[in-house]
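Spelled out, the chains give:
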Amino acid sequence: MADLRIKIKNLEFKNPVMTASGTYGFGEEFEDYYNPGILGGIFVKGTTLEPRQGNKYPRMAETPSGMLNAVGLQNKGVDFILENTYPRIKKYDTNIFINVSGSKVEDYVIVTEKINEIKSIPGIELNISCPNVKEGGMAFGTSCPSAAAVVKAVRKVYDGMLIVKLSPNVTDITEIARVCEAEGADGISLINTLLGMAINAQKRKPILSTVTGGLSGPAVKPVALRMVWQVYNAVKIPIIGMGGIMNATDAIEFILAGATGVQVGTANFIDPMVCPKIIEGINNYLERHGFKSVTEIIGALEY
Amino acid sequence: MAKKLVLDFKVSENRRLNSEYVVLTVKTDEEIPSITAGQFAEIKVDGNADVFLRRPFSIQDVDYNNNSLKFLIQSVGKGTETLCNLSVGSTLNILFPLGNRGFSIAPKESRVLLIGGGCGIAPLMLLGKQLLAAGVKPEFLLGARDISALTQTEEYEAIGKTYYTTVDGSKGTKGFVIHHPVLWDESNQFDMIYTCGPDAMMKAVAKYAAKRNIECEASLENTMACGFGVCLCCVTESVKGHVCVCTEGPVFNIKDLKWQISE
Ligand SMILES: Cc1cc2nc3c(=O)[nH]c(=O)nc-3n(C[C@H](O)[C@H](O)[C@H](O)COP(=O)(O)OP(=O)(O)OC[C@H]3O[C@@H](n4cnc5c(N)ncnc54)[C@H](O)[C@@H]3O)c2cc1C
Ligand SMILES: Cc1cc2nc3c(=O)[nH]c(=O)nc-3n(C[C@H](O)[C@H](O)[C@H](O)COP(=O)(O)O)c2cc1C
Ligand code: FES
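Those protein sequences? They're chains D and Z, same order as listed. For what it's worth, the working numbering labels the leading residue of the first sequence as 1, then goes sequentially. For what it's worth, the working numbering labels the leading residue of the second sequence as 1, then goes sequentially.
Keep in mind that the hints were calculated from the coordinates and are not lab data. It is possible that part of the hints are untrue.
Simulated pairs of lysine to any residue, SDA-like, Cα-Cα distance not exceeding 20 Å [said to hold, decoys possible]:
#1 Lys-205/D - Asp-191/Z
#2 Lys-240/Z - Gly-77/D
#3 Lys-78/Z - Ile-270/D
#4 Lys-3/Z - Tyr-34/D
#5 Lys-205/D - Ala-200/Z
#6 Lys-258/Z - Gln-53/D
#7 Lys-255/Z - Asp-191/Z
#8 Lys-44/Z - Asp-29/Z
#9 Lys-258/Z - Ser-209/D
#10 Lys-277/D - Asp-46/Z
#11 Lys-3/Z - Glu-29/D
#12 Lys-258/Z - Ala-204/Z
#13 Lys-255/Z - Pro-198/Z
#14 Lys-27/Z - Val-88/Z
#15 Lys-292/D - Ile-279/D
#16 Lys-203/Z - Pro-181/Z
#17 Lys-78/Z - Glu-296/D
#18 Lys-240/Z - Asp-79/D
#19 Lys-27/Z - Val-45/Z
#20 Lys-203/D - Asn-222/Z
Quick caveat: nothing in here was measured; it's all calculated off a predicted structure.
One chain only, chain D, in its complex shape:
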């Protein structure tokens, strides 16, 4: 058995496999399949200050090797999550991260302050990259000054681990990653979904109620890998890579490109057992190639 443990700052993860926000609920739906506690981490659904109903149906369109979603951050609000949901799932023996979303800097700050009260939550993932909300969301993650402003404000009030989740809908991802690092982020996660669109030609109508939505799945993997590699070469803080990971080989590619950990998203919809399979597959790869620890292959791309 290879050593699968990784570290981000001083927080240990039992393995590099985590679940992506918005694709794993709060883990409970997976209990019939396996114990979510075997994961390296669970990143729960985007959480906002006030409860949100999300966008109108239809919110999903299948696309070649992927899907578009336009959920629009449907969630019960931070108070409900912390008072009702978190106490139910904190039993999982893994790192639970809350994905913090908002439309104003003040909202991000208030939500973070509330989470900061609960010391058993090791960290947050600051979502400055949601393409499915009218205000805020992705807008924060697509310009350096606004990304800097929100990371700075949140850093000031948060003692735990601060991961910032970046949007791929930018010209130069490294600029944004650098300002997040400069403002005190402990890690970067990427990519959130790529802005896309689907049309029903027969009806001459967009398929999604919001016309545009976020693309995920294997279709985005080459873009995601490229961005992880670019960011790895631009910043010193650890990276959690994601975008189209369907199996252990995909996950290893992200680690070779420079990711310390990976998140699995859309693949959970198709195979609820995909995460345990990826954990096992990474171990097999390491043993086969004679590595003792997964940390040996982080950024180990040879060229």
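Given the structure of chain D, go ahead and fit chain Z with the ligands onto it with the hints provided.
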């Protein structure tokens, strides 16, 4: 509700009903948990690179002794076409039973009508059988475009009295289900109506039931990415706000939905 499973099944029969429909019977070695009519399964479609997500289908019937399930599949696109052409012996990976709320069983001796159209007749077969077992005699009202699109008629007739409508009048009453005289003969007093099928049909039925204060349950078929409550893509508007059809349904009492059906 039973634990969700993800299991490999083998196709034991692929019975073609007409150019559009097949009935797939699938078998596994494992024991099948108890299924409530209205519950569904997410089937992984292999062998077609254009199909990415699983596809949801109602469980039409279950045979606990043989560990087998039956699905009625209407070919409407790439995934369903691949499924309709599967040969016996093919392996299918199936996630089931999904849906935390199936149809509720009306009290003994109530008079109930099960109204279905298109592939929406599928869950009504299992419902009919479960009603019978509970001492309720189901009656079916099935609608289709024409006689060739009305399938499995003997099987439904074996469970209960069955009425038909076809748009061209080639079988039963000409028109849509809502035009059938069984609904308009004032001596018929239904205690409960169950429906599954195209949205327009279910809304017409719901309007009919609401006006007469008849209890009515409808099974929704919103597009789904996961089928078990984690993607939040399948929502419908309910009195509680947006709820996931895959977990809070797929069967809803029409009183809980925000359908514009009052006059
Ligand atoms: C809970 C539930 C139960 C269902 N039960 C049955 C059943 O018993 N038998 C059956 O034949 N079908 C059933 N359906 C519908 C079935 O899932 C779709 O027809 C199927 O997913 C289409 O896949 P496809 O790849 O063939 O179509 P695609 O190639 O993806 O699309 C072809 C066309 O079908 C439409 N379509 C795609 N998904 C759906 C959907 N979920 N509902 C309606 N139209 C859709 C698309 O808009 C498009 O116009 C059910 C759906 C749900 C949600
Ligand atoms: C249905 C759906 C909902 C999502 N919701 C969120 C969210 O609330 N917050 C967030 O930061 N990312 C969200 N994402 C993005 C994923 O976390 C992930 O970044 C993206 O899907 C790429 O990974 P994948 O290709 O493995 O899915 C969502 C993705 C999907 C498909
Ligand atoms: S289909 Fe994913 S939540 Fe219902």
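Between Lys-240/Z and Asp-79/D, does the CA-CA distance stay at or below 20 Å? holds, 18 Å
Would you mind confirming whether the straight-line C-alpha gap from Lys-27/Z to Val-45/Z stays at or under 20 Å? Holds. Lys-27/Z to Val-45/Z sits at ~16 Å (cutoff 20 Å).
Are the Cα positions of Lys-292/D and Ile-279/D separated by 20 Å at most? holds, 15 Å
Keeping to a limit of 20 Å between CA atoms, is the pair of Lys-277/D and Asp-46/Z held or broken? Status holds; Cα separation ~19 Å.
Could you grab the alpha-carbon distance between Lys-258/Z and Gln-53/D and see if it respects the 20 Å cut-off? holds, 15 Å
What's the verdict on Lys-3/Z and Glu-29/D, does the C-alpha distance respect the 20 Å limit or exceed it? holds, 10 Å
Are the Cα positions of Lys-205/D and Ala-200/Z separated by 20 Å at most? holds, 19 Å
Does Pro-181/Z lie within 20 Å of Lys-203/Z when you go C-alpha to C-alpha? With Cα atoms ~18 Å apart, Lys-203/Z and Pro-181/Z stay inside 20 Å; holds.
Regarding the pair Lys-203/D and Asn-222/Z, is the alpha-carbon distance no greater than 20 Å? holds, 18 Å
Hey, Lys-78/Z versus Glu-296/D, does the alpha-carbon distance stay inside 20 Å? Since the Cα atoms of Lys-78/Z and Glu-296/D sit roughly 43 Å apart, the hinted pair is violated (cutoff 20 Å).
Hint check: Lys-44/Z vs Asp-29/Z, CA-CA at most 20 Å. Holds or violated? Holds, at roughly 18 Å.
Would you check the hint for Lys-258/Z and Ala-204/Z, treating anything up to 20 Å between C-alpha atoms as holding? holds, 14 Å
Checked against the numbered hints given earlier, this structure breaks hints 1, 17; the rest are met.
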